[in-house]
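A.B. asks: The residues making up each chain are set out below.
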Amino acid sequence: MPADAGGLSWNLAADLQGVLAYHFMVNAFLAGAVVAVLAGLVGWFMVLRRESFVGHTLAVTGFPGAAGATLVGISAVYGFFAFCVAGALIITALPRRRGLHSFSEESAVVGTVQASALACGVLFVSLYRGFLNSVNAFLFGSFLGITDSQVLVLLVVAALAAVTLAVIGRPLLFLSVDADVAAASGVPARPLTAAFLILLGLAAAAVSQITGTLLVFALLVVPPATAQLLTARPFFSLMLAVLLGLAITWLGLAIAYYSPYPVGFFITTLAFASYLAARTWRAGLAPHFGRPAAARGAA
Amino acid sequence: MLLPFAALAGMFSHPFMRYAFLAGTAVAVASGLVGYFAVLRSQMFVGDALSHAAFTGAFAALVVGLDARLGLFIITVAVALGMGLLGSRGHADDVVIGSVFAWVLGLGVLLLAIYTTERSTTNGAAGPAILFGSIFGLTAASAGIAALLALVTAGVLLIIARPLLFASVDEAVAAAQGVPVRALSLGFLALIALTTAESTQVVGALLLLGLLAAPAAAAQRLTTRPFRGLALAAVLAVAAVWVGLTVSYAAPRLPPSFAVIACAALPYAAIALVPGVVRRLRRRSASRIATEAAV
Numbered sequence: 066m067p068a069d070a071g072g073l074s075w076n077l078a079a080d081l082q083g084v085l086a087y088h089f090m091v092n093a094f095l096a097g098a099v100v101a102v103l104a105g106l107v108g109w110f111m112v113l114r115r116e117s118f119v120g121h122t123l124a125v126t127g128f129p130g131a132a133g134a135t136l137v138g139i140s141a142v143y144g145f146f147a148f149c150v151a152g153a154l155i156i157t158a159l160p161r162r163r164g165l166h167s168f169s170e171e172s173a174v175v176g177t178v179q180a181s182a183l184a185c186g187v188l189f190v191s192l193y194r195g196f197l198n199s200v201n202a203f204l205f206g207s208f209l210g211i212t213d214s215q216v217l218v219l220l221v222v223a224a225l226a227a228v229t230l231a232v233i234g235r236p237l238l239f240l241s242v243d244a245d246v247a248a249a250s251g252v253p254a255r256p257l258t259a260a261f262l263i264l265l266g267l268a269a270a271a272v273s274q275i276t277g278t279l280l281v282f283a284l285l286v287v288p289p290a291t292a293q294l295l296t297a298r299p300f301f302s303l304m305l306a307v308l309l310g311l312a313i314t315w316l317g318l319a320i321a322y323y324s325p326y327p328v329g330f331f332i333t334t335l336a337f338a339s340y341l342a343a344r345t346w347r348a349g350l351a352p353h354f355g356r357p358a359a360a361r362g363a364a
Numbered sequence: 005m006l007l008p009f010a011a012l013a014g015m016f017s018h019p020f021m022r023y024a025f026l027a028g029t030a031v032a033v034a035s036g037l038v039g040y041f042a043v044l045r046s047q048m049f050v051g052d053a054l055s056h057a058a059f060t061g062a063f064a065a066l067v068v069g070l071d072a073r074l075g076l077f078i079i080t081v082a083v084a085l086g087m088g089l090l091g092s093r094g095h096a097d098d099v100v101i102g103s104v105f106a107w108v109l110g111l112g113v114l115l116l117a118i119y120t121t122e123r124s125t126t127n128g129a130a131g132p133a134i135l136f137g138s139i140f141g142l143t144a145a146s147a148g149i150a151a152l153l154a155l156v157t158a159g160v161l162l163i164i165a166r167p168l169l170f171a172s173v174d175e176a177v178a179a180a181q182g183v184p185v186r187a188l189s190l191g192f193l194a195l196i197a198l199t200t201a202e203s204t205q206v207v208g209a210l211l212l213l214g215l216l217a218a219p220a221a222a223a224q225r226l227t228t229r230p231f232r233g234l235a236l237a238a239v240l241a242v243a244a245v246w247v248g249l250t251v252s253y254a255a256p257r258l259p260p261s262f263a264v265i266a267c268a269a270l271p272y273a274a275i276a277l278v279p280g281v282v283r284r285l286r287r288r289s290a291s292r293i294a295t296e297a298a299v
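Going down the list, the sequences are from chains A and B.
All residue numbers for the first sequence refer to the numbering used here, where the first residue is 66 and numbers rise by one.
All residue numbers for the second sequence refer to the numbering used here, where the first residue is 5 and numbers rise by one.
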């Protein structure tokens, strides 16, 4: 993408050196790694809990956050985190009716929150006037301007989230696999659900800064979904999701460096290709390799 | 007393406001009706995914030099049917939607980049217009087409409403009774796709979810009777569009898409939150009376 980036040769080492010659690319790789690991860990639970819609909504909530932060003149990073966590709290707090005539209001609540958040984003953009370029960066990502302090913030948030997830991981897995039995054996369902949503908000905000709010899914859903197709054992598939996310992000960044097109496209395409490959493997080849892997990571 | 009427007459003296109301009303009716079933069937995530597919479709058409609407309709319907076929029994699965959705959007980003680098002189505002709507920029012809298509969508939905309701409430029993459950599922996905394609012009690809979700959810809170709820959802959606457009006309700094979504979301928030608050206040005052009586 930079003007003097040079062409791609067949010498892999030289290409790698070319990619890492610029400080901003080193930052992009560092931030990408942090974000991919966090997305893999949190996204694995999200896919298991079938909460992709909530995940996407929280990611999108980052857009008005970033636009609002720019409007009042502070760094967009804080806007991303503040709004995504606020979105998680709102979705937890909103009432859901259960009962005889209940319909599943959850998806309606989430959809309304999402549209309202985006509408606020539109309002902030139109109040600010004239930063259409950064609107595209918020929505579709940019890896060119990642600063040292941004990497540090991402690292701190990811470390906090990972520690929290390590603490609540086991009961959360229990609750996600069988909510009724978990609740009956004394797992605190509501606090755990709320804590997980906040973690999801943090992860979505972190991923947004690399892929943009609209493409968070490429790292949050697809690597965990692929990993869960490939192995049924929770620990292995969790690790696989993290590694896949990391590989996809680094490869995507490297390709984007040598091409004029946005990084989001390469990351989503690599992710989708791995998902399709995993589906094909399971449908066609897995039966020939002895023990069939059960889906859904239920152990 | 005549002042509001004079202001209204002034508003409708602008052709662009008349076109906005024409297209907006028809699209709101379709969104309200389709949204009611989408909420009932918990398929809001499909609507979300399709609204983003609409963005990709519009840019695909623009890049090859066709009318954006053509791409919108073809791609959204194709993605809807594809997701339905990948999932089981014509339902799109959560993970399937998420994965397809991510990639379709990635494609959209690529197309946006190609379009803005190669054709930036032709129409620089196409991106924001597709994402966030351009209802005040409709021509007479495009408003007419949008209205016609929306009314056809609403009509088809009303024709299949009864069997679709049966299939949505109890799929197994409906299938046993000979209702073509799978065909209805796929047909309904196509209707969601058509509605998202139409409303992309009105509120934009990113905001149309509000017009699908909020009026329908509010209607389902207000009544449990399906056909009354269906009508109520359409009425609430139309009211949101009318009030939103008027507010945006009166206060030009508010973008029309923002005003429409706010007018759709606020009534739902009020309906969902107020009864609980009232109940809690009443309970608190009752307990206070009880303690005072005890003292």
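Don't take every hint at face value.
Stated by the list, open to error - Chain B is faced by these chain A residues, among others (derived, beta-carbon under 8 Å): (1) 112; (2) 172; (3) 179; (4) 279; (5) 282; (6) 329.
Honestly, the hints are just simulated from the structure, not real lab data.
We put the CB at the ideal spot given by N, CA and C, even for glycine.
A.B. asks: Would you mind marking each hint as holding or not holding in the structure?
C.D. replies: Verification of the supplied hints:
no., hint, verdict
1, 112, "holds (6 Å)"
2, 172, "holds (4 Å)"
3, 179, "holds (6 Å)"
4, 279, "holds (6 Å)"
5, 282, "holds (4 Å)"
6, 329, "holds (5 Å)"
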